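Undergrad: Listed here are the chains, written in short residue letters.
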Amino acid sequence: MLTTIIKREFIAHIQSLRFSLTLMLCVGLMVLNALVLVYSTYQFERDVYRENITQQHQTLRDNGAAGLRQILLEGPGVLYKKPSELTFCAGFADNKLPDKVGAKSYLVYMAVYSGGRSIDKSFYWPWILSFPTELKDAPLLSTFITIDWVFVIGVLLSLAAFLFTHDAIVGEKESGVLKLVMANSLPRHTLLWGKFGGALLVLSGVLVLSVVLNLLIVLVLAELSLDFSHAVRIVVMVLISVVYLAGCTSLGLLISAHSSTRRVSLTTVLFVWVSMVLLWPQTGKTIAELFHEEAHELEHTKHVYEHGDGTFIWHPIRGHAFGLADENNNRLDPAFIKRFSSALQSERTHHQELENALLRRRVQQVNLAQNIVRVSPMGAYQYAMEAMAGTGLPRYRHFIDQARSYAQHFEGTLLAIDRADSRSLHIPFVKYGLSAQKVELEQIPVFVEDLSAASLASSAIVDLALLGFFAVFTYLAAYLVWLRSSIVG
Amino acid sequence: MIKTIWKKELLEQLTSRRFIFCTLIVVLLIWVIGLLRLASYERAQAEQDRIVAETTDELRKIHSYHKLRTKVVRTPSPLEVMDQGVTEQKNSIVSIEIYEIPYLADKNTLSTTGNPLLAIIGSFDVVHVIQIFLALLAILFACESISGEKEDGTLALMLTTNVSRMQVVIGKFLGGITLLNIPIFLGFLGLAIFFIASEHVQLTEADWVGLIGTWMASLSYIAIFYLIGMAISCYTHNTSTSLIYSLFIWTLLVVILPSSITFLVNQQFHRQEDAQQAKAMENELWSKHQKQANDLVRTAGLGDTYPPFHLVTYGHGYSSGSTPNFQIGGIRKDGRIADFLNMLRAGENLRLQYAQKVWQACSPLWEGRPRSLIRINAQLQRITPAGAYLEVTGGLAGTDAGVFYDFIHQARQYREQLLEYLRAHDAFGSLEFVGAPSFTTEERSAKRSALDLSDLPVFAERREPLAQRLSRIAPGLLSLFIYAGLTWLAVIRLFSRYDIRR
Chain U
159 MLTTIIKREF IAHIQSLRFS LTLMLCVGLM VLNALVLVYS TYQFERDVYR ENITQQHQTL
219 RDNGAAGLRQ ILLEGPGVLY KKPSELTFCA GFADNKLPDK VGAKSYLVYM AVYSGGRSID
279 KSFYWPWILS FPTELKDAPL LSTFITIDWV FVIGVLLSLA AFLFTHDAIV GEKESGVLKL
339 VMANSLPRHT LLWGKFGGAL LVLSGVLVLS VVLNLLIVLV LAELSLDFSH AVRIVVMVLI
399 SVVYLAGCTS LGLLISAHSS TRRVSLTTVL FVWVSMVLLW PQTGKTIAEL FHEEAHELEH
459 TKHVYEHGDG TFIWHPIRGH AFGLADENNN RLDPAFIKRF SSALQSERTH HQELENALLR
519 RRVQQVNLAQ NIVRVSPMGA YQYAMEAMAG TGLPRYRHFI DQARSYAQHF EGTLLAIDRA
579 DSRSLHIPFV KYGLSAQKVE LEQIPVFVED LSAASLASSA IVDLALLGFF AVFTYLAAYL
639 VWLRSSIVG
Chain Z
217 MIKTIWKKEL LEQLTSRRFI FCTLIVVLLI WVIGLLRLAS YERAQAEQDR IVAETTDELR
277 KIHSYHKLRT KVVRTPSPLE VMDQGVTEQK NSIVSIEIYE IPYLADKNTL STTGNPLLAI
337 IGSFDVVHVI QIFLALLAIL FACESISGEK EDGTLALMLT TNVSRMQVVI GKFLGGITLL
397 NIPIFLGFLG LAIFFIASEH VQLTEADWVG LIGTWMASLS YIAIFYLIGM AISCYTHNTS
457 TSLIYSLFIW TLLVVILPSS ITFLVNQQFH RQEDAQQAKA MENELWSKHQ KQANDLVRTA
517 GLGDTYPPFH LVTYGHGYSS GSTPNFQIGG IRKDGRIADF LNMLRAGENL RLQYAQKVWQ
577 ACSPLWEGRP RSLIRINAQL QRITPAGAYL EVTGGLAGTD AGVFYDFIHQ ARQYREQLLE
637 YLRAHDAFGS LEFVGAPSFT TEERSAKRSA LDLSDLPVFA ERREPLAQRL SRIAPGLLSL
697 FIYAGLTWLA VIRLFSRYDI RR
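If you're matching them up, the sequences are chains U and Z in order. One rule links them: number in the working numbering = place in the first sequence (from 1) + 158. One rule links them: number in the working numbering = place in the second sequence (from 1) + 216.
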């Protein structure tokens, strides 16, 4: 009996006007999305990334050749986030987030003139992980919608799900068909399953068709190398979409079972859809701004720099630095270097804390905004998709975490090499306190981000749970309401 | 007769639960968003005051003219509460430098004081509630107006009386618009009360015109959707088909088309590529400047490099492009000060000329391309009533790109004033330019006094005249009227041929 109802619903849906319009819109937009990817800036971004990586390796090699002290003082340089291949699936937030982390030191140039000669007392300000927020590739015009999978599925297919189901029960009640159907020995749950299954089958069909078409164009025309891990992520994204659509279908059935007339049901589903999909996801920012104090970057920057352009303000350490070299430029007192090094270290820790605190405050504020947005299933769906596509905030946080552990690894490995050198004084942060031996690029740790599906999926767990809950809860609610509702119009 | 139909339409819907519920939601949304935005506006104002105070304070500490830099801040418009327009994107703080001609930069490409990461969450304005929510309501109410009455059989009865079809259409249209005006009017009334009650907001005449204009524009926009709904209703013969068509048209006109246009225009903009190209041109020109400046020194027989600090000091300085950084130890008593100052004057004037050259070479990339793409986007957006509506409201609220162009123009004029000031004080040919008011190394250790910049011109922002703002929104308004006219004609034509028996 269940299959008969599913079949009947399926055929009724695919013959309807709303099905044709949905299919047309979804397929059209998915093709547009794929074509834009083919002719978009992805390739340029990837080339720039590769160029940056080559340059970074060259700098590491040069610094390594100049000696261990040089590479330890200069730091690993700028670390770049790899552009995600799956931006076309969920790309709304990707070009609005920074794509690099700074780990560079600054040479504080100091010279003292004595007897017509200049004595070099320059020193390196120890490198810290800084989190610049300038965006190199921010979009020119703001829009709250990007044509990607999240939009096509999250906005349009969810509307289709509501339209397919809003009259599923109330419509048949009004036309009297429901009474006839229920006159058979048909349990209520079978009818609901049948209606749910029929609608979801049609929606999944549209989803799979448009996704396959999109991927075909992307694979044939775009120079995109997708491997097995990408395939897994794409399959997971399709499954997430099905769960989301199942939730929307159940919600539509719930409203349909609860409404007295078709008109009321339609008004309600439209109101729910506009609020859930269009309005609520846009409120998070405004509310989060109310509850958090703005993080003033200027105040923070001022602590370190004068104009934010690398020029240092007068700092007590500069006073110490006068002892870094004497007039003959050679006699060095290890005790002084040690003191100077520990002064630099405490400054470094302090600056790193400031930098971390600023980032933490900013991320907390965005988290709050996202948690507000997550209340709507559309928000949870978007974030789950972003996590799987390797874009958005989850990816940025993942990148920062990896950069942090890399920085520790980098310093640890190089300091271990230093410890093995008997000629070194083993005093970090100061030129004369470190080994001068050459280091090969192979010995230097290189930053590589782990982008496996498993590492990204962990950040999607909350959203997946929310979506699962949404689907199950709305279905159960629909079932309970349907059990209690009268079948007479 | 029209009045009777109007009254009937109005009373029928006014008492429906559907209308009361939707009105409540829309009005609440407008008020809540308005209040939240009012809080952001107050924050923006405080931020402006803070930056202005900080800049004034920094000006007091400047020791040398070559370090002269200041900031100008655009005064936020109170109507941002209704429509933020591009204020979230464009930079309201412009740095005024001697050797850089200011251009309109995007906020997120610079370090800002807020939280740049928040850009990944979208935000919603009062006008968006009208653009999306009310348009949907309008089209839903209208799409049943003709076919619904036909299904009920009341249309045939109505047309058996001496009422003409034209009168029916006019009556129904006026009824619908009056009905939809209720949430808009209540929403705007609330906003006006918030404005009056807030002690931080002072509305000027232009702002009142903007507020009332936005209300009128919203009404015309909603009228278009009501007419589209009526046209669909006249085209189809049952309400369920007309509902599906209406939703499809609404999705297309409000959600898909405006976003797709913006999305495609964004794809045409290659910020990173353009920035790299501009940087390369800039670097090339500035290295040319250094060569030419060195030649000046050589021709005068005063050495090899510009600035010829060896003439007057043991110190050093960097003469790098648009941000020279001179750090000199002290002035030798036997120094050739007059020669040095002449050279400095010539060299810095040359730098000013190069600043102009850099601007000429790079401005097409910095500002020309973004501006032309923004213009193309605005022109394409006029294809849809939603795009045209946002263009009109942005212009009325003083939050569209044009306001920023005007602001940046003022910032450039202010920079010219500063240059005039420096020339009048012969700053480019003075020792104060490189920051050496002391003449011996011994004197250097004494406390250096800051420059007296009390007579420095102050930036006075002038609000764009209303007439200029209105002329900018004319194309948007025109396309709204064209839309309204065309849909009206469509409704008349379709209804005059409507077969009430089918």
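Keep in mind the hints are simulated off the structure, nothing from the lab. The structure presented is a predicted model; accordingly, all values stated were derived computationally and were not measured. Careful, some of the hints might be misleading.
Said to hold, decoys possible - Pair ranges (Cβ atoms, derived):
#1 182(U) - 588(Z): 39 to 47 Å
#2 266(Z) - 504(U): 26 to 34 Å
#3 626(U) - 676(Z): 44 to 52 Å
#4 201(U) - 633(Z): 41 to 49 Å
#5 511(Z) - 598(U): 39 to 47 Å
#6 182(U) - 568(Z): 53 to 61 Å
#7 401(Z) - 170(U): 51 to 59 Å
#8 620(U) - 632(Z): 50 to 58 Å
#9 573(Z) - 201(U): 45 to 53 Å
#10 201(U) - 587(Z): 21 to 29 Å
#11 573(Z) - 210(U): 53 to 61 Å
#12 492(Z) - 224(U): 46 to 54 Å
Claimed, not checked - On the chain U side, residues computed to face chain Z include the following (Cβ under 8 Å):
#13 251
#14 297
#15 298
#16 313
#17 389
#18 390
#19 441
#20 502
#21 503
#22 505
#23 506
#24 510
As the list claims (entries may be wrong) - Straight line, CA to CA, 25 Å or less: simulated SDA-like cross-link-like pairs of lysine to any residue:
#25 294(U) - 516(Z)
#26 495(Z) - 201(U)
#27 495(Z) - 387(U)
#28 258(U) - 322(Z)
#29 495(Z) - 308(Z)
#30 279(U) - 224(Z)
#31 224(Z) - 579(Z)
#32 219(Z) - 436(Z)
#33 294(U) - 579(Z)
#34 224(Z) - 381(Z)
Where a beta carbon is used, it is the ideal one built from N, C-alpha and C, also for glycine.
Undergrad: Now tell me, hint by hint, if it's right for this structure.
TA: Verification of the supplied hints:
| no. | hint | verdict |
| --- | --- | --- |
| 1 | 182(U) - 588(Z): 39 to 47 Å | 33 Å, violated |
| 2 | 266(Z) - 504(U): 26 to 34 Å | 31 Å, holds |
| 3 | 626(U) - 676(Z): 44 to 52 Å | 60 Å, violated |
| 4 | 201(U) - 633(Z): 41 to 49 Å | 46 Å, holds |
| 5 | 511(Z) - 598(U): 39 to 47 Å | 45 Å, holds |
| 6 | 182(U) - 568(Z): 53 to 61 Å | 60 Å, holds |
| 7 | 401(Z) - 170(U): 51 to 59 Å | 43 Å, violated |
| 8 | 620(U) - 632(Z): 50 to 58 Å | 55 Å, holds |
| 9 | 573(Z) - 201(U): 45 to 53 Å | 33 Å, violated |
| 10 | 201(U) - 587(Z): 21 to 29 Å | 26 Å, holds |
| 11 | 573(Z) - 210(U): 53 to 61 Å | 30 Å, violated |
| 12 | 492(Z) - 224(U): 46 to 54 Å | 28 Å, violated |
| 13 | 251 | 4 Å, holds |
| 14 | 297 | 4 Å, holds |
| 15 | 298 | 4 Å, holds |
| 16 | 313 | 7 Å, holds |
| 17 | 389 | 26 Å, violated |
| 18 | 390 | 25 Å, violated |
| 19 | 441 | 6 Å, holds |
| 20 | 502 | 23 Å, violated |
| 21 | 503 | 27 Å, violated |
| 22 | 505 | 22 Å, violated |
| 23 | 506 | 22 Å, violated |
| 24 | 510 | 19 Å, violated |
| 25 | 294(U) - 516(Z) | 44 Å, violated |
| 26 | 495(Z) - 201(U) | 21 Å, holds |
| 27 | 495(Z) - 387(U) | 38 Å, violated |
| 28 | 258(U) - 322(Z) | 19 Å, holds |
| 29 | 495(Z) - 308(Z) | 23 Å, holds |
| 30 | 279(U) - 224(Z) | 90 Å, violated |
| 31 | 224(Z) - 579(Z) | 60 Å, violated |
| 32 | 219(Z) - 436(Z) | 21 Å, holds |
| 33 | 294(U) - 579(Z) | 18 Å, holds |
| 34 | 224(Z) - 381(Z) | 16 Å, holds |
Going through the hint list in order, the structure does not satisfy hints 1, 3, 7, 9, 11, 12, 17, 18, 20, 21, 22, 23, 24, 25, 27, 30 and 31.
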